[in-house]
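Asker: So you can see what is in the structure, the chains are spelled out below.
2 protein chains.
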Amino acid sequence: MDLLNQHKSIRRFRQTPVSVELLNQIFNSGCRASTTGNMQLYSIIVNKEKEMIEQLAPLHFNQPVVRSAPVLLTFCADFNRFVKWCEFRNASHGYNNFLSFFTAAIDALLVAQNVCIAAEDVGLGICYLGTTTYNANKIIETLKLPKYVFPVTTLAMGWPDESPVQADRLPLKGILHTETYNDYTKQDIARIYAFKEQMEESKKFVAENNKENLAQVFTDVRYKKSDNEYFSEGMLETLKKQGFL
Amino acid sequence: MDLLNQHKSIRRFRQTPVSVELLNQIFNSGCRASTTGNMQLYSIIVNKEKEMIEQLAPLHFNQPVVRSAPVLLTFCADFNRFVKWCEFRNASHGYNNFLSFFTAAIDALLVAQNVCIAAEDVGLGICYLGTTTYNANKIIETLKLPKYVFPVTTLAMGWPDESPVQADRLPLKGILHTETYNDYTKQDIARIYAFKEQMEESKKFVAENNKENLAQVFTDVRYKKSDNEYFSEGMLETLKKQGFL
Numbered sequence: 001m002d003l004l005n006q007h008k009s010i011r012r013f014r015q016t017p018v019s020v021e022l023l024n025q026i027f028n029s030g031c032r033a034s035t036t037g038n039m040q041l042y043s044i045i046v047n048k049e050k051e052m053i054e055q056l057a058p059l060h061f062n063q064p065v066v067r068s069a070p071v072l073l074t075f076c077a078d079f080n081r082f083v084k085w086c087e088f089r090n091a092s093h094g095y096n097n098f099l100s101f102f103t104a105a106i107d108a109l110l111v112a113q114n115v116c117i118a119a120e121d122v123g124l125g126i127c128y129l130g131t132t133t134y135n136a137n138k139i140i141e142t143l144k145l146p147k148y149v150f151p152v153t154t155l156a157m158g159w160p161d162e163s164p165v166q167a168d169r170l171p172l173k174g175i176l177h178t179e180t181y182n183d184y185t186k187q188d189i190a191r192i193y194a195f196k197e198q199m200e201e202s203k204k205f206v207a208e209n210n211k212e213n214l215a216q217v218f219t220d221v222r223y224k225k226s227d228n229e230y231f232s233e234g235m236l237e238t239l240k241k242q243g244f245l
Numbered sequence: 001m002d003l004l005n006q007h008k009s010i011r012r013f014r015q016t017p018v019s020v021e022l023l024n025q026i027f028n029s030g031c032r033a034s035t036t037g038n039m040q041l042y043s044i045i046v047n048k049e050k051e052m053i054e055q056l057a058p059l060h061f062n063q064p065v066v067r068s069a070p071v072l073l074t075f076c077a078d079f080n081r082f083v084k085w086c087e088f089r090n091a092s093h094g095y096n097n098f099l100s101f102f103t104a105a106i107d108a109l110l111v112a113q114n115v116c117i118a119a120e121d122v123g124l125g126i127c128y129l130g131t132t133t134y135n136a137n138k139i140i141e142t143l144k145l146p147k148y149v150f151p152v153t154t155l156a157m158g159w160p161d162e163s164p165v166q167a168d169r170l171p172l173k174g175i176l177h178t179e180t181y182n183d184y185t186k187q188d189i190a191r192i193y194a195f196k197e198q199m200e201e202s203k204k205f206v207a208e209n210n211k212e213n214l215a216q217v218f219t220d221v222r223y224k225k226s227d228n229e230y231f232s233e234g235m236l237e238t239l240k241k242q243g244f245l
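Same order as they appear, the protein sequences are chains A and B. The numbers in the first sequence follow this note's numbering, run straight up by one, and end at 245. The numbers in the second sequence follow this note's numbering, run straight up by one, and end at 245.
Mixed in with the good hints there might be a few duds.
Where chains are identical, the list cannot tell them apart; a pair therefore holds if satisfied intra-copy or between any two copies.
[What the hints assert, rightly or not] Taking lysine-lysine and the DSBU-like style, the derived pairs with C-alpha atoms no more than 35 Å apart in a straight line are:
#1 Lys50 - Lys203
#2 Lys147 - Lys240
#3 Lys204 - Lys241
#4 Lys138 - Lys240
#5 Lys173 - Lys241
#6 Lys240 - Lys225
#7 Lys144 - Lys224
I should point out that these hints are in silico values taken from the structure, not numbers from a laboratory.
The following block holds chain A by itself, in its conformation from the complex (with noise of 0.2 Å):
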């Protein structure tokens, strides 16, 4: 638990490369996390060739934790393995359908978290690139991903050459619902988003960003309308491409 409570995301990383050994041993401690039916729906595409990861810096928006990173960690969900099996040995799939997809989103993301917890474990650093699903269908060319096969979420990985300031987190109490959901008063938003509202770096980011509040920083700068929507019409255009919808 003490390692969970010490999680930092890490953005600047030492150009010590990580070993293909110790690499092995934290893939190997990824893959023991639950997978559906033990069907293990998902593939891992390791990058550290320079030339890669400068392909891949522009898909993920040149966030320089991209290539600040000794390794690049895509996680897929993939049906293709699984499908191939079937070919195979003669037997029928189904698995061309929005239900596997989510399914085997499911197994990746355990891995994945799985992976972060080992990497820390042994002193590495780990930051998620949220850009993924974004530009899924560059991200498919680049990795050369087939049909059946959707990236859902990237790892920078290396040692840590920063140590920043564990980020903060919204009162147990807002995320937590006993029996049924208790659905939140104007009260309980103030009460849950308080903390945050008030530190010092939300303030910042509202003048830095002539802003009322720091909701609006999310709504109007960080987080669009305009740019959900463009995302989403091409994340489901490309599970279409993927065969899951």
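Since the structure of chain A is already known, use the hints to place chain B on it.
Answerer: Just chain B, lined up with the frame of chain A:
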């Protein structure tokens, strides 16, 4: 890493309850998981009351693990809390789309896996229920989930009353890809699935179900095309109903 390496799903629990204090400790560690833009787009519904667990059991196809567990945790992708915050702060949001659902689902799944590890660290056992998305609509009704909230997975949790054999895993080579996806030949597939196919347990499954091979047990009995398509449609309809499509 040792903890991760020892993971086994537990499906039979002692009737000893799990204290609120211990659960909160686990949730606090769980919520340290990375989250998109630190938005924490998830909620956890905690079910301990016998009556509620009875209502949920058939929605999970009466898997015995559900009624055995003193605690059921349903992890939800949740944009409701965030959207309410935006509304109360006069921020015009745009999270009624598929990308936003998937972003929140990622958050929820990373927390779920962290909760598993924190729970196992104190000696508790867990089992994922993959059935949550199959009957999302009815689970939403039972747990009274509002718009912009969608259940993505459920954990059964408690003090273990069994010590099963650890499940097999595919060889790491079959999961990893270096730089780009290396698609599988017939020989690759044979090699990757050889161990699984030769297991005594697998042979028993094949015989019991009157099938030619293990792949057919998956396609014809466990994860059938007709079921996948039926539940897929239901999931997409429910995503629409919850405001995400």
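Asker: All hints, please: hold or fail.
Answerer: Evaluation of the provided hints:
1. Lys50 - Lys203: neither (38 Å within a copy, 46 Å between copies)
2. Lys147 - Lys240: Answer is both: 10 Å inside a copy and 26 Å across each meet the 35 Å cutoff.
3. Lys204 - Lys241: Close neither inside one copy (42 Å) nor across copies (38 Å); limit 35 Å.
4. Lys138 - Lys240: For Lys138 and Lys240, both the intra-copy (15 Å) and inter-copy (27 Å) Cα distances are at most 35 Å.
5. Lys173 - Lys241: between (41 Å within a copy, 27 Å between copies)
6. Lys240 - Lys225: both (23 Å within a copy, 17 Å between copies)
7. Lys144 - Lys224: Answer is both: 30 Å inside a copy and 28 Å across each meet the 35 Å cutoff.
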